[in-house]
Each structure stands twice: as structure tokens, then as C-alpha cells.
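A.B. asks: The residues making up each chain are set out below.
Protein chains: 2
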Amino acid sequence: MRDAYPTVVIEDVYPELDCGRHPVKREVGDRLEVWADIFKEGHDRVSAVLRYRRKGERRWSEVPMRHVENDRWTGSFVLEENARYEYTVCAWPDHFGSWCEEVEKKLGAGQRVEVELVEGRELVKEAASRTRSRKLKEVLSAFDEAAYQERLRLLLSREVRGLMAAHPDRSAATAHRTLEVVVDRERARYGAWYEMMPRSQGTVEGKSATFKDCERRLPEIAGMGFDVVYLLPIHPIGHTNRKGPNNTLTAGPEDPGSPYAIGSEEGGHKSVHPELGTLEDFRRFVEACREWGMEVALDFAIQCSPDHPYVREHPEWFRWRPDGTIKYAENPPKKYQDIVNVDFHSENWKELWEEWKSVVLFWVEQGVKIFRVDNPHTKPFAFWEWLIREVQEEHPEVIFLSEAFTRPKVMHELAKLGFSQSYTYFTWRNTRGELTEYLSELARGWAKEYMRPNLFPSTPDILPPILQEGGRPAFMMRFVLAATLSPSYGIYNGFELCENRGIPGREEYLDSEKYEYKVWDWERPGNIKDYIAKVNRIRRENPALHELENLVFCGSDNDGIIFYGKTLEENAIFVAVNLDPHNLREGNVYFPLDLLGIADDEWYTVEELISGVDYPSMGWGRYVRLDPNVNPAEIYRVRKEG
Amino acid sequence: MRDAYPTVVIEDVYPELDCGRHPVKREVGDRLEVWADIFKEGHDRVSAVLRYRRKGERRWSEVPMRHVENDRWTGSFVLEENARYEYTVCAWPDHFGSWCEEVEKKLGAGQRVEVELVEGRELVKEAASRTRSRKLKEVLSAFDEAAYQERLRLLLSREVRGLMAAHPDRSAATAHRTLEVVVDRERARYGAWYEMMPRSQGTVEGKSATFKDCERRLPEIAGMGFDVVYLLPIHPIGHTNRKGPNNTLTAGPEDPGSPYAIGSEEGGHKSVHPELGTLEDFRRFVEACREWGMEVALDFAIQCSPDHPYVREHPEWFRWRPDGTIKYAENPPKKYQDIVNVDFHSENWKELWEEWKSVVLFWVEQGVKIFRVDNPHTKPFAFWEWLIREVQEEHPEVIFLSEAFTRPKVMHELAKLGFSQSYTYFTWRNTRGELTEYLSELARGWAKEYMRPNLFPSTPDILPPILQEGGRPAFMMRFVLAATLSPSYGIYNGFELCENRGIPGREEYLDSEKYEYKVWDWERPGNIKDYIAKVNRIRRENPALHELENLVFCGSDNDGIIFYGKTLEENAIFVAVNLDPHNLREGNVYFPLDLLGIADDEWYTVEELISGVDYPSMGWGRYVRLDPNVNPAEIYRVRKEG
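Taken in order, these protein sequences are the chains called A and B. Heads up: the first sequence runs through residues 1 to 642, numbered per the numbering used here. Heads up: the second sequence runs through residues 643 to 1284, numbered per the numbering used here.
Bear in mind the hints are in silico, worked out from the structure with no lab data behind them. Remember, predicted model here, so these are calculated numbers, not experimental data. There's no promise every hint is true.
Claimed, not checked - Computed list of lysine to any residue pairs in SDA-like fashion (alpha-carbon distance at most 20 Å, straight line):
1) A:Lys327 / B:Gly739
2) A:Lys334 / B:Gln753
3) B:Lys977 / A:Arg112
4) A:Lys334 / B:Arg687
5) A:Lys106 / B:Lys977
6) A:Lys357 / B:Arg644
7) A:Lys327 / B:Leu765
8) A:Lys105 / B:Arg963
9) B:Lys992 / A:Asp3
10) A:Lys334 / B:Ser740
11) B:Lys969 / A:Leu123
Take these sequences, add in the hints, and give me the full structure.
C.D. replies: Given below as C-alpha cells:
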């Protein structure tokens, strides 16, 4: 037999993830709502508080929790800072509250309560001597001088109840385990990304662009309404086994190689490719982005060219084969001969892990606060959990985006252990059913507590069939879906030009700029830059589109038209998208008037935001006609009248 | 930075309840199926085992787990004994398996694997020196003497894979937390209870029956097909504030008092009321039940008459009020003046708790292995968890039934912390919607892992309106529901007589035998003993009715008819019940032929088990006509032809 047992049960705490193994995520300014089942045997009343503090602080703050129904309690607090918080639930028997309830019931039944009054006095006396509260002592004196009715009035008064509640006996309190919540800045949830291959931003054929060339593109990118300029790796590129055009094994002397074959005699992960400019040029580029209201995200790809300085300086970080070579990256039968992987479990792993942390911190020093992490799923989970926690302890504003298109549970695990944002399967979800099911999975259930999607219609590695076959209408349609289904989304440069020349039968770009110098005509006819600018402006102006959880899918008579909405306070946005890039689709879509608080016979206004036309409306249905070449999507803002 | 990190992720383990805080329940002979998400970064293969042991044993047994899909693994073992078991999941990287997979992929792509072969040999060598396996050393010798093709054949052979799997390197293994499963005997899940007021089993008016009178009723009770004879408290009854007929405060000198006012100068919880006989008589009664194939359940009511020996011997176990009295039981404004409660938090609580344990053990010694616990929800949760664990450690065959009709989460908590069975809200669930919703809640979701329902249509305290108003048809209907919806159910004596005289406007019996001597005519006209016997025989003969989880609700055109079924292997039972005791109801009910594996155009046999009539059938629908006075319910056994 133990010497003490818990008196109050605290169970089913929300948002506790995996028994507290993983933190949930929120953003600065959010109110964290905590729920718990809290109860005790019998009829005794219980008191409960929600305790919280910034991680690392000693003192807890407390707010009371309140009973809602069926032994379910709730409490909340505002997450003021960009930091990691701890919280827990604590509850104890409320003896004086129980006493009040019992006495009131007896009085209601016309019973006398002389003995109960003496018992109530005992409770006050106990509290007074435990807490040395002067006010409680005054209550005792007043009680002793009073008669029956006055004593009753006194002990049941709001003041005395408040005093007793303020001085609870917590000796028999039960505390739940301590849980964590990571509070990121808003950009972790909401932002439009423009993915850029820096060397392709220039104007001279067969030559790398520079950071100055990149800088010249910023007005145009900002004009389209992007928040983040994400650069593919900017580091020196190795020579050994350099890849040629279209990923061939035989690079010519003029071929630049893949930017993911990082490291050469010119430096490694802390260096800038000399063709792009100097570190100083890079810092200037970061500053220029800031001036245009954007920030820079860097690619963090933990892999080395065989020419990387680490190979010479730290051979013990690599796994050497019996034939004296280092194992290059493989996904059998695929081979990546221009890349060797470090061995995260090498004997010298601690120094290796610290080195990667120093790489991140190096770029943080240069002003980079967002990292898109390449292939995190092939590195140990524990490494990422450690790295992200370590970096964010010093720099809570740093955001990590997980680029993993692997098994679903692996993707979720990466999000759970710290990645601020995650790539998703959106790239391959095309039908109404697929989109509804997948986005519901992300916006509902537990995923929404830890996984923030960032939707990319295409990436340098993936040009999906819908874009190859559907052309410009498909680009517009997939763009609107990405930009309105998720608060974070991104496009890869060339998307605005509807670039869709693929390798036949594969999901890859033909003559990909990953292996070649490229020059683009950013004003190429047929581009959708104005359309992108318009939709990004609609995103900015409508806070409902800054959230994920508020996504609801609504009725549509035509299965080729998906219809969904998001609301936030007074802002209500609905989107109808023709998922078929080849055919006009038309039919009724249905506004959920019940959710909007609009009566069936009430007039309301539907403002189509792309065309800017207002429609006075009544009833649930709206007939839409979506021509993929003209208006593949419509975005409605619904306003109640008066 | 820590010195080591887990390498394999193990998450979402089923059936882990409340992060392992509470055990799940199974019965002897069950196979415990365990599921878990198990994965590692990258493409490495993983091995996993399910480990288990009887609690208290040092050695673990192990069975391999297998991957099913989407990183979900499963394994199982048979729970051979009536005991508490522990189990956990353990997983580690499977280096040799990964090597085999990689080599096979490369061979499939026509690549040479000389270097890989040397790496494979290294793995075997490492295993050989780690485990000193002679067979692995022989593999090494054979390898060294062989040429390329032969070496490949050898390392990829089933024998070498088996040897390597049998000698894994577990140094980087991850283990999940240890979880518990309580394995009860079958009676914890399945049984028909007959609740008996011992003093009412005789034939002389105004006088208590004896255990010998009770014994004389056993052939009849066994004949109705009951498994458990549950006795209301058999202890001496106090005199102070004894209750009179219909719970009045003024008992006459001849009034026997409530059997729940336990304890007098004749003894307490370890004594037998002298009017019923001696302890020896009681033991003989237990033995007689056994001879009739039944066992005895006792009422365990932790409450004392003011005359209980404990009050004299252990005044410190009670809470004394400022006026020198002990607080009697109350649920304001209701008062139970004939009962005082012990104080589980008294300074001498350890001795008090031990005393209650000794009470249970005393009756276990007398042959009682089932306890129906009165009002457990007013005693500390921690007490029950301790008591049940302690008793079952010595006597795992002991079953505890929780009598709590309180808040749902409190009822669930009692089940989680150890009660083998639970009373339910069935007593008040009458409509098709109510029954479907509530029984689905019990048979599905997490409840089925820890809460075993025992359905009582009425109890000594509760005569629900449906029985008061519905008369005999309602008794038959509610009986069939209880007996077929749940593997455990019980009736309170008099139910078979359709006794339903209530206090007007209340859910209580008029002239309840709780406060009076009673003599019943057990052959009273209108009794439903034959009906009960028939249904209990159907229960025994059909194993599908011994389970809960297999319950499915099926279609019925008439909302007054509920239709549901249970299947177990070849045994398929369906039940149609007219929920309206006043009117004939008719309409189609629908057999779920897809679940039964019967084609829409296939002949099958429906055997109505109460009438014994066979119906050749085809298609889903069956027209039923249920007359409350004739056949308020029909029970069908479905047999496929051929």
C-alpha cells in the first residue's frame, strides 16, 4: 500500500498528443484551449486550474478551469510569445464548495443546518490558520458574533466563497503530466512561397545568374503577392560524377551540375557558389527581400558532393565501403553518383550533429529564418527533433519546412517531432473525392494539431500529369486550389509561365534547370502572373484564408466542380473550382446558410472576388458555369445584409 | 545532447488504454491482438516482436510481429491463464534484411554486387562474433570458399536469413512502455444472474426465510437457466433508526429493516444474519448452488448501521460531527438515517482499507467468487483500484460487479480501474434509437476494451416506468433485450412473476421487500418462467450470444421493432423485438446478407428458436408480425444451405 493516492481523476486531456510525447503547435496570439475530464468519487465538488509557463521559466501562471458538462472542463490562455510553452492541469477537492452546495440543498428542503454551520466554520478556520489570511480571520470573528441567520448569510456570501476559493487546500491535488506547445510566428501557418533557382534568374544564355540578377526580379515577385522567396541550394557544386543535362552521367565541361551536389574545393554548406556572388551579395539579397516585404527561405540539404570539404576534413563522418570508396546515395536501382551521404550513426556522430546545427545557425546569422529541408525522412528522426529544438531555443522565429513525399506515417512523424510545415500529397490529389478526403484529413482530426501543410502544385522534381496534360487551365486551377485550400502554399518558378514540358511518361521536367543553365522570358505570352497577383491579393485581404481548420466542403451537383469555404468571424469565403481543365463544367453549388447564420428566405450578397461583381442572392443554391479557359475558378465573399 | 537516441518509432499501440494508465480486459483463452505503428527513417527494414509475461514473472516470452500495411504491424498471443499479464512492443533496425532487399533490387536491375557481398559478409561476421553461433561461423567458412554466384545464393538463402533473424543485433532496439491486460475467467463476460432477497424465499408470512429455504428454490432457478445466484446483503441488520415499510422512519418492533443497514450487536460484514442461519448454513447453500451448476454472488456494501461493531471498535474510522454524532449517509435532501459511512480518508485509513480487503477475503474463503459492489462511486477510486488488484493477485478468479448508476465518466472510470463488470443505463433505454446508440457505445470504441455490461431490467431500487405501465408484455420484451443484447444480464426476483406494483409517480416498488418480510407465490399465474427458461437455453446453445463486440444493428421498417444480430464463426443469431408493449407491430426487418456471406439469390434457412419453426428464405427482407401478448420477440438462427 502506498502512502498516498490521487484523489481527483484527470483524463482525456486535449490537446495532449501521443501521451505528451510530442508537442502541439500554435501561433503567437492564439488562445490555447485546454479540455480535460476531471472528477472525483461521490458528490464532492472539484476545483481545477490550467497551469502554464514559457519553457525554462520556473514560475507557473494559473487560470481557473470551468466545468462545461458531463465532467468535461475547460480553460484557456493566450500564447503571447514566439516560444515553447508548457502547460498542465491541476485539480483538487473543493471542500468548502461542497459544503455550500450541501447546505443550500438542505435549506431548499427546509432543513435546519446548525451542525453544518459549525462544520463550515471549521473549514474557514482551517483555511485561516493554513494561509494566515487576515480576511479569513475577520470572517471567523464576524461568524462568532453572529446569530444563526447571519452566520448562514456570511458563510454563503460571495465574498467568503471567493476568499475560500482563493485559499484552497491543495494538499490532495492531482496534477496531470506537463505538456508542451510550440508557439511559432504567423508565417509558420500562413504564407505564399515563390521557389527560385537562383542561377536561372538572369538574361545571358549558358551562364549563371547572380544574386544581383535575383534581386532584379524581386519587384515582380512581390507584385505577384508572395511572402517568401525560397532559393534552391546556393552552395558550391562538386565536380566528381557531376550530372549532365536531364540527369545524365556524363556532364560536359560547361555543365553546371545539380545544386544538390553540395560542396567543392570552393567550400561547403557555409559557402556561396562563386558564380552567384559573395556572401555579402547574399546578405544584400536578403535585405532587398525584406525591403520588398518578403523573406528568404534556404534549402537545407544534408548531402555532400564527393568533393565537399567534410570528406577530407572528417572522413569519419562517412561510411567507407570495403573497396575504399564512400557509398554514394542510392534508392536501388536509382543511383545518385554525385552525392555521398554522411553517416548519422558514425562514432563521431555528436560532432557531426553539432556541425549541421552550426550550418543552420550560420545562415540564421545571415538573416535567414526559414529552412526548407530536403529529404528529411532519410535522416534519423531523433536528429531532427534535437536540431529543431536546439535552434528554436535560441531562435524561436526559425521555421522548418519538411520536404518529404514518403510514407504517410513518416511524414506525420516529422511534423510531430518539430517541423513547422510539411509538404503534402496535394501534388497528386486531383479529383473532388481525393481532394475532399485528403484536405479533410489535414484540416480535421489530430493532424491539425501538429502538421501545417504547404501545398505545392509542382516542384523541381515533380511535374504532375495534370499540369503536363492540362496546360494553362490546369495551372490556374491547381494554383487556386493550393492558394485557397491551405494558408501556406508555394509555386516553383516557371509555374507562372505554365511551363510544362515533361519527359514523356514521367513526372519530370524536360531539360530541367537542375542540371543546366537556363534563361527564362518572365513575360512569356500565356503567363498567369496577373491571375496569381489577384488571388494572392484576395488571400491577403481575407483572413478566413489564413486558417486551415475552418475549411468546410460544401455541396456541388457537378462532380467536376469542387466547392468549399472558410469563415473567420465576419469573413466568409467560398471557392468553386472546375477540376476538369478540358471541359466547361456547370451546375449548382450550395452555400451552407445554416453555418453562415443566414435564413433560407433572407437576402445576402455574394461578391465574386476575381471579377469584382456583386450578386444579390437568396437560398442555398448558386448556379455556376466554369470555363477552364476563362474562369476555371470563382471566389466568393458572402456578406449578410444590414 | 544525450548519449543515445531511439532509432525506431513505436506509436499508436493498440490496445493501450489512457497511455497505459489502465489495463484492458480479456478472458482466458482469448488471443490478444496487438497493433502498432512501427517505422524508421529512410528505407531500412525493421524487425519487431511482441513481448509478454504473466505479471510477476521475470522472463518475457516473445512472438514476432508482422507488417500489415502503411507501417502498421501486428502480433498476438493466447492468454492461457486467469491472471494479469504484461505486454510490450520492441523493435530494432534489421540490417541484414535491409541488405538482402538492397541486393535483390540491384540484381533485379542487372547490377553487379561484389562490394555489397563483402558488406554482407561483414554483417554475418559481426553476428557470428556477437552471438558465438557455430552455424554462423560455418556460413562464413562456406562463403570464403565460394565464388560470386555461390556467395550470393548462400547469403540470400532462406537458412542464412533465418539464422540472421534469429541472432539480431538489438543494441539499438526501442521498447514501448509496459502495458497490462487483466485476464478474467469467462463468467466475467458471460452469465445470467438471478438476484435474490434471501429472507423472501420462504413460505411463512411475517417471518424471515432461511438459507435452507433459499436452497429449496435452487432447482427452479437452475431450471430457468441461471448461472449466478446473487444475494442481497446477508448480514445482521442494525436497530438504530431502522427503516419501516416503504422506507418510513418509524419501524415497528416486527419490521426487519433494510439489509443495507449492515451490522448490529450480532456482528458486521463477516457475519450472517441469525434469522437466515449460520455461516455453516451459508456454506452449505454455496455448495448446493455449485451442485446445481450455479455460483453465488454476494452484495458488498461498504456502509454500517450505527450499531455496527466497527463503530465501537474503530470510532476513528468514522467522521464525527461537532455535535458528537456520526454523519449518516445523505444525498441532500435525501437522508439515510439507518446508515453511517466510514471515512476513507481517516487518519487510520490504511487499517480501514485492509479491513475491507479482509472482508472480501473472508467470503472468498467461504466459497464466494463474485461480488456485486453497492454504490462504488461514492468511495475513492484509488481504494477500488487497490482492493481489486490485491484480491485478484491472490484470487484471480474473483469477479467484481460495479453497481453504479451515476455520471457516465465515473461509471467508465470504475470499469477502467478494475471492476470486472458494470451496471449500465440499459434500465432506462427504451426506444430503438436509445438502445441502438447506447449499446453501440458499449460494444464499440474503447468501452469494449474495459467495460463489460451487465444489463438489469429492474433492481430492488428501480422499477422503471416501462415495466410499471407495460405489464407482462413489457417484462418479456425487456427480458429478451437484456438477455440477447449483452452476454451478461440479470433479473431481480419477482421479475419472473411480472411483479410491477410501484409507488405512483416514482420508479420504486410499492411495499418493497427491502423493508418487509415477504412471501412470494413463485408459481403465480402470468409468470414468465418458461419463457425465461427457453431464452436462457437459447443463450447457452448459441455461442454468438456469449459475446458483446459482435453486436450489429440491422434495418427495420417499423421504428417500434428493433432488429439486431450477433455472429460467431458459423453461429448467426438475429433478434427482432417489439419495443411497444401495448400494440402489435409489423414490418420488414433486413438480414445483413453481405456480412453472412449469403448471396441475394441464395436460399438460406431461418430457424425461429422460440417457436422452433424453420423458414426457407431468400433475400434480405423478412416480414415480422410481433404481438406483445403472444410473441413480443423472435429469435432467429440463420443457416446457410449445403
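A.B. asks: None of the hints should be skipped; say for each whether it holds.
C.D. replies: So, going through the hints one by one against the coordinates:
Pair hint Lys327 (chain A) plus Gly739 (chain B) holds up; C-alpha atoms about 18 Å apart against a cutoff of 20 Å. For a cut-off of 20 Å, the pair hint linking Lys334 (chain A) to Gln753 (chain B) stands: about 11 Å separates their Cα positions. A threshold of 20 Å between alpha carbons decides the hint, and for Lys977 (chain B) with Arg112 (chain A) the separation of about 13 Å falls inside it, so the pair holds. A distance of roughly 18 Å separates the Cα atoms of Lys334 (chain A) and Arg687 (chain B); the hinted pair therefore holds under the 20 Å criterion.
At roughly 10 Å between alpha-carbon atoms, Lys106 (chain A) and Lys977 (chain B) fall within 20 Å of each other, so this suggested pair holds. Restraint check for Lys357 (chain A) and Arg644 (chain B): satisfied, since their Cα atoms lie roughly 15 Å apart, inside the 20 Å limit. Our distance criterion of 20 Å between C-alpha atoms is met by Lys327 (chain A) and Leu765 (chain B), whose separation comes to about 16 Å. Between Lys105 (chain A) and Arg963 (chain B), the direct Cα distance comes to roughly 19 Å. Compliance with the 20 Å bound is thereby established for this hinted pair.
Distance restraint check for Lys992 (chain B) and Asp3 (chain A): the Cα-Cα separation of roughly 8 Å lies within the 20 Å cut-off, and the hinted pair is therefore satisfied. Restraint check: the Cα-Cα separation between Lys334 (chain A) and Ser740 (chain B) comes to about 16 Å, which is no more than 20 Å; the hinted pair holds. Using a Cα cut-off of 20 Å, the hinted pair Lys969 (chain B) and Leu123 (chain A) holds, with the two alpha carbons roughly 16 Å apart.
Comparing the model with each numbered hint stated earlier shows that all of them hold.
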